[in-house]
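Q: Chains as they are written, first to last, in the working numbering: chain A, 48 to 605; chain B, 62 to 411; chain C, 76 to 274.
Check the hints yourself; a few may be wrong.
Unchecked claim - Not everything, but these chain C residues come out facing chain A in the computed CB check (under 7 Å):
id, residue
1, Pro90
2, Trp91
3, Arg96
4, Ala100
5, Ile105
6, Leu106
7, Thr107
8, Ala110
9, His198
10, Ile201
11, Ser202
12, Val268
13, Val271
14, Ile272
Claimed, not checked - Below, computed lysine-lysine pairings styled on BS3-like, alpha-carbon distance capped at 30 Å:
id, chain 1, residue 1, chain 2, residue 2
15, A, Lys552, A, Lys247
16, C, Lys98, A, Lys81
17, B, Lys198, C, Lys98
18, C, Lys98, B, Lys348
19, C, Lys98, A, Lys247
Rather than coming from a laboratory, the hints here were simulated on the basis of the structure.
Values in this document were obtained by computation on a predicted structure and should not be read as measured data.
Yeah, the Cβ is synthetic: ideal placement off N, Cα and C, and Gly gets one too.
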Amino acid sequence: MGAANPEIPLTRPLVSPSIVTRLHALVVTVDHKKLGLMYISSALFFLVVAGLMASVIRLQLAVPNSNVVAPDTFNRLFTVHGTAMVFFVGMPIVAGLSNYLVPLMIGARDMAFPRLNAFGFWMFLFGAVLLYFSYIGAPGMSGHGSAPDVGWFAYAPLTGRAFSRGNSTDYWTLSLLVSGIGSLASATNVIATVFSMRCKGMTLMRMPLFVWMMVVVSGMMLVALPPLTAAQIMLLVDRYLGGNFFNTQAGGSAVLWQHFFWIFGHPEVYILMIPGFACASEIIPVFSRKPIFGYSAMVGATTMIAFVSMGVWAHHMFSVGMTSVGNTFFMVSTMMISVPTGIKIFNWLATMYGGKIRFELPMLCCLAFLFQFLIAGLTGIMLAAVPLDWQLTDSYFVVAHFHYVLIGGMLFCIFGGIYYWFPKATGRMLNRKLGLWHVALFFIGFHLTFDTMHIPGLLGMPRRIYTYDAGRGWNTLNLITSIGVIFQIAGIACLALNILISLRKGSKAGDDPWDAWTLEWATTSPPPEYNFETVPVVRSARPLWDLKHPEDPDWKYE
Amino acid sequence: MQFFIPNNCRLINKAWFIFFALGLSAAPVFADGPSGVTNIFKTYSTPARAIANYTILILAVCAVIFVIVTGLLFYTVARFRHRRGDDGREPAQVYGSNQIELAWTVIPILIVFVLSLVTARTIAEVQNAGPPSKALKVTVVGHQWWWEIRYPDLNIVTANELHVPVSETAQPRPSFLSLESADVAHSFWVPQLAGKTDVIPNRDNRMWIEPTTPGTYLGNCAEYCGTQHARMLIRVIVHPAGEFEKWAAAQQSDAGNDAQAKAGRDVFFSTSCVNCHTIKGTEARGKFGPDLTHLMSRQTLGSGAALNTPEEVRAWVRNPQSLKQGCYMPDMQLTDEEMDQLVRYLLTLN
Amino acid sequence: MTNADALYLPDETAPWRLPSRRKVAIACLILTESAMFTIFVVAYLFYIGKSLTGPYPAEVLKTPILSTICLLASSVTIVMAERSFKRERIEAFRLWWSATIVLAAIFLGSTAAEWKRLIVDHHLTISTNLFGTTFYSLVGLHASHVTVGLTLLTLVLVLSLKKSIRRADGERIEMVSWYWHFVDAVWVVVFTVVYVIGR
Chain A
48 MGAANPEIPL TRPLVSPSIV TRLHALVVTV DHKKLGLMYI SSALFFLVVA
98 GLMASVIRLQ LAVPNSNVVA PDTFNRLFTV HGTAMVFFVG MPIVAGLSNY
148 LVPLMIGARD MAFPRLNAFG FWMFLFGAVL LYFSYIGAPG MSGHGSAPDV
198 GWFAYAPLTG RAFSRGNSTD YWTLSLLVSG IGSLASATNV IATVFSMRCK
248 GMTLMRMPLF VWMMVVVSGM MLVALPPLTA AQIMLLVDRY LGGNFFNTQA
298 GGSAVLWQHF FWIFGHPEVY ILMIPGFACA SEIIPVFSRK PIFGYSAMVG
348 ATTMIAFVSM GVWAHHMFSV GMTSVGNTFF MVSTMMISVP TGIKIFNWLA
398 TMYGGKIRFE LPMLCCLAFL FQFLIAGLTG IMLAAVPLDW QLTDSYFVVA
448 HFHYVLIGGM LFCIFGGIYY WFPKATGRML NRKLGLWHVA LFFIGFHLTF
498 DTMHIPGLLG MPRRIYTYDA GRGWNTLNLI TSIGVIFQIA GIACLALNIL
548 ISLRKGSKAG DDPWDAWTLE WATTSPPPEY NFETVPVVRS ARPLWDLKHP
598 EDPDWKYE
Chain B
62 MQFFIPNNCR LINKAWFIFF ALGLSAAPVF ADGPSGVTNI FKTYSTPARA
112 IANYTILILA VCAVIFVIVT GLLFYTVARF RHRRGDDGRE PAQVYGSNQI
162 ELAWTVIPIL IVFVLSLVTA RTIAEVQNAG PPSKALKVTV VGHQWWWEIR
212 YPDLNIVTAN ELHVPVSETA QPRPSFLSLE SADVAHSFWV PQLAGKTDVI
262 PNRDNRMWIE PTTPGTYLGN CAEYCGTQHA RMLIRVIVHP AGEFEKWAAA
312 QQSDAGNDAQ AKAGRDVFFS TSCVNCHTIK GTEARGKFGP DLTHLMSRQT
362 LGSGAALNTP EEVRAWVRNP QSLKQGCYMP DMQLTDEEMD QLVRYLLTLN
Chain C
76 MTNADALYLP DETAPWRLPS RRKVAIACLI LTESAMFTIF VVAYLFYIGK
126 SLTGPYPAEV LKTPILSTIC LLASSVTIVM AERSFKRERI EAFRLWWSAT
176 IVLAAIFLGS TAAEWKRLIV DHHLTISTNL FGTTFYSLVG LHASHVTVGL
226 TLLTLVLVLS LKKSIRRADG ERIEMVSWYW HFVDAVWVVV FTVVYVIGR
């Protein structure tokens with residue numbers, strides 16, 4: 048809407064609103080775009096905070112027999128780092144991306160339940176504050192306790208009253224309960240929006256893959272989060288009402304907690320990863336100049352992943368002493384899940400094959416993702432191999448594996464998404480040079496750290512130890528791992544700088560800077576509050592391709 | 062739009078090999094027996110060896126997949142990159158292919174099928190082995206942050222060190238461990254002897270080792286169990302033939318009663334040491350802490366927190382928190398004289 | 076760039092029908108709550124027979140026939156209420172709706188009475204043993220959902236008495252009834268697990 052038409056009155060006020068007015072607008076907003084950006088900004092903030100915590104961890108582990116921090120401090124660091132990264136970085140990024148993009152991609156004006164959307168955001172933020180507040184609040188009147196130090200999966204009976212004094216574990220529980228409710232609200236909203244508000248002509252099989260994947264993720268959230276909620280309620284019953292759910296003295300089972308947690312925990316990691324796939328599925332086609340190869344196969348594979356992921360949870364428990372039958376069952380299901388995942392990798396490759404690949408920043412991030420996610424998947428197969436897992440589980444090999452998936456896989460896709468959609472959300476391009484510095488530095492740092500980290504695991508280094516002895520062969524490897532952090536910090540700093548500078552000084556993006564094909568590019572950058580001037584009507588999965596290529600539209604081939 | 066291949070992609074391939082070499086070079090290649098470096102591929106016991114051999118297949122399959130898919134990725138990126146001077150037309154818009162989808166569904170399913178069969182067999186081989194009659198039976202009890210080791214048939218109770226006889230092909234003598242926990246979840250992991258098995262309260266877990274080379278094998282607790290999880294080390298000492306029986310006989314004896322250390326004995330019995338510790342042959346029958354009957358026969362104190370030397374014993378008795386912060390032995394606030402006497406007594410517990 | 080006139084119209088002029096967003100949302104709510112109840116049911120089933128000390132279920136549990144009938148009947152009355160609403164018989168609607176509330180209240184009262192009996196007469200509390208913990212948790216979780224439902228039902232009744240409800244609100248009322256049927260269905264499962272299987 049930028050072209051100046053003197054007859055159309057200015058919609059911007061002449062005087063910039065005060066900071067108070069602007070903050071107030073954010074507090075009361077129910078606009079999906081504002082809430083989406085609030086989710087993402089909060090997530091990036093906690094990424095930095097939790098990342099700094101990880102830096103302290105790596106500082107402590109850089110040399111043997113170190114005492115940079117006390118043992119209890121270290122234990123709190125890795126607990127809060129893990130909890131924050133999963134729930135206050137990963138989940139809000141998912142919520143933020145889906146809330147921002149889904150209505151735009153389906154030609155809707157907002158989400159189905161805007162107020163529920165706002166509710167979800169504030170619940171998430173409150174939960175995040177609760178977790179960090181534990182550093183101050185948990186000592187309470189007894190002086191015991193600080194931030195939680197039970198690990199992000201809080202195994203029983205370590206979390207029981209007897210072994211976790213003070214309120215630190217309760218802060219862990221409550222912060223996740225609260226933000227979990229927010230996540231469920233967001234998931235319900237996405238599903239309702241997608242089923243009930245698609246623009247005319249957009250059948251389910253004409254939606255962008257991004258939308259499909261967010262629907263699948265939301266469905267997974269609805270089914271996978273309640274087991275965590277249930278387990279946490281049981282934990283609260285144990286801690287406050289004298290319940291015996293996980294009280295081994297009364298015959299309770301510590302393993303039951305593990306089952307319940309991982310019934311949540313495994314789908315959760317797919318909930319974190321699939322939105323990364325969603326970004327990649329939008330970016331790779333556009334920068335290869337071809338439609339996604341095998342749209343229905345991608346939909347099918349994602350759905351299959353969602354279902355199978357509910358049946359693999361005990362692969363986190365192979366050392367717990369299940370029967371060989373139990374171990375074999377979960378081994379088979381875990382190996383099976385590699386099939387749809389592989390299908391997706393091949394489809395992305397096939398999308399690039401025969402295309403004209405442009406190495407813009409979103410695509411560079413996705414290329415790194417493909418390489419790294421492959422490796423992460425293969426180390427996953429190694430961990431699914433039960434006898435090998437008996438050596439590797441609970442060691443630094445697993446830590447390396449899941450960071451490879453979450454950072455090398457998910458975070459790189461998110462970087463790609465940021466470079467891709469920042470112009471849409473703000474109307475300005477991110478600086479390409481700074482972006483290249485960010486990606487290059489972060490790539491180097493990521494590989495220095497996490498490639499190396501596999502090896503101490505193979506040499507017997509368990510996880511969650513605040514220090515180690517010198518004679519174990521782990522010294523140099525840990526040092527290299529820690530050095531990689533410096534590069535990652537530098538990379539993130541470049542990204543932060545880029546975002547801040549480009550908000551003011553980035554070159555103007557226009558409606559469609561990438562020559563893309565989905566509906567969000569059919570409106571201005573940033574979109575007006577109502578998203579679309581007239582409700583779009585579509586005839587294929589790539590409405591803008593049809594527009595730009597009237598001689599060869601997609602709907603001819605449907 | 063300029064043409065740009067990320068150079069660090071190639072760099073990282075070189076780096077990958079360097080790291081791998083570094084990592085493997087950290088493990089002694091020509092060592093004959095165990096060292097402090099607990100490489101899961103340098104195995105000295107039947108279950109660990111079964112795992113290591115099985116792993117070769119897994120690694121091979123993963124390596125092949127990696128090479129093929131990465132090759133495809135690099136080839137695709139190189140061949141189909143947008144070139145300067147291109148005619149600006151969009152490439153052929155290909156939507157998919159059912160045959161190709163089928164191919165890359167069926168082939169992975171076959172690979173998974175084969176891997177599953179091999180894995181199931183190895184699981185059964187390691188997990189379902191039952192103890193032969195000559196097996197040594199040991200009960201391992203995990204505590205917050207030390208290991209209680211009991212030999213029910215031999216009437217021995219010790220701490221933090223698991224002594225077993227070596228197993229020879231002519232005379233196999235595996236050791237079967239019963240794993241129990243006194244408090245929270247732990248995990249028993251001695252990488253060169255076996256995979257790890259968790260130690261969970263109110264649950265009976267079993268594992269077995271069959272060491273084939275004498276020596277000292279290091280291990281760690283591998284399930285986060287609280288403050289000093291990092292310092293809950295395990296030492297498995299594998300004795301050559303005949304030596305194990307000598308060790309056992311020494312362990313079965315009561316504590317020495319050296320008259321010179323009487324003052325220290327009195328200190329021990331008048332302070333609350335007896336509430337937590339057992340010394341066989343005396344009235345000290347505490348169960349909360351490690352059995353001290355043969356304290357000086359062990360290599361370390363505090364399950365690896367310090368070497369077992371007179372200075373460290375003294376440091377421990379003076380203030381255990383300085384060696385293992387957060388452990389459950391408090392600073393007993395002894396006077397210097399009491400401490401000297403007590404240490405002199407402890408040093409007689411061979 | 077303007078949109079609709081440039082984007083192609085589909086050939087079909089068939090109407091574009093999408094499901095109601097309210098129905099989708101309540102279906103999601105029911106799905107997610109079912110997942111949570113499933114975990115509590117699994118915990119209950121897992122711990123059957125594992126209590127180390129008494130009291131044991133067979134000794135102390137009395138089958139709650141009356142409250143079950145009341146709750147199941149309330150599903151019938153709510154259907155009748157909805158039917159009346161559709162036929163715009165507002166007085167009948169209010170009557171059937173009130174009947175639902177009364178039946179729900181009887182159920183809750185009955186549960187409260189049973190708990191009092193168990194606690195005072197048999198000394199079974201949530202901390203007594205595994206049975207106590209799982210029983211009070213599962214039945215309590217269900218009762219809390221009944222309470223929420225009761226609150227919603229009362230709210231609708233009050234709004235109806237204040238004449239704030241119009242014909243267009245029919246779907247909203249239907250959503251309350253969906254939630255209510257869900258609560259009923261959960262009771263069928265809880266009843267079977269606790270009073271049939273668990274004894």
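Q: Taking the hints in turn, state whether each one holds.
A: Verification of the supplied hints:
1. Pro90: Hint violated; Pro90/C Cβ to chain A Cβ min 10 Å, cut 7 Å.
2. Trp91: 5 Å, holds
3. Arg96: 4 Å, holds
4. Ala100: For Ala100/C, the interface hint holds, since the closest Cβ of chain A sits about 5 Å away, which is under 7 Å.
5. Ile105: 10 Å, violated
6. Leu106: Holds, about 5 Å.
7. Thr107: This hint holds: Thr107/C lies near chain A, its Cβ roughly 4 Å from the closest one there, short of 7 Å.
8. Ala110: 4 Å, holds
9. His198: 13 Å, violated
10. Ile201: 5 Å, holds
11. Ser202: With Cβ-Cβ at 3 Å, under 7 Å, it holds.
12. Val268: Interface hint status for Val268/C: violated (15 Å vs cutoff 7 Å).
13. Val271: Violated, because the Cβ-Cβ distance from Val271/C to chain A comes to roughly 22 Å (cut-off 7 Å).
14. Ile272: At about 18 Å, which exceeds the 7 Å cut-off, the nearest Cβ of chain A leaves the hint on Ile272/C violated.
15. Lys552/A x Lys247/A: With a Cα-Cα distance of about 38 Å, the restraint between Lys552/A and Lys247/A is violated, given a limit of 30 Å.
16. Lys98/C x Lys81/A: The given pair, whose Cα atoms are some 26 Å apart, holds under the 30 Å limit.
17. Lys198/B x Lys98/C: 62 Å, violated
18. Lys98/C x Lys348/B: 61 Å, violated
19. Lys98/C x Lys247/A: Judged against 30 Å, a Cα distance of about 20 Å means the pair holds.
Violated hints, listed in ascending order, are 1, 5, 9, 12, 13, 14, 15, 17 and 18; each of the other numbered hints is respected by the structure.
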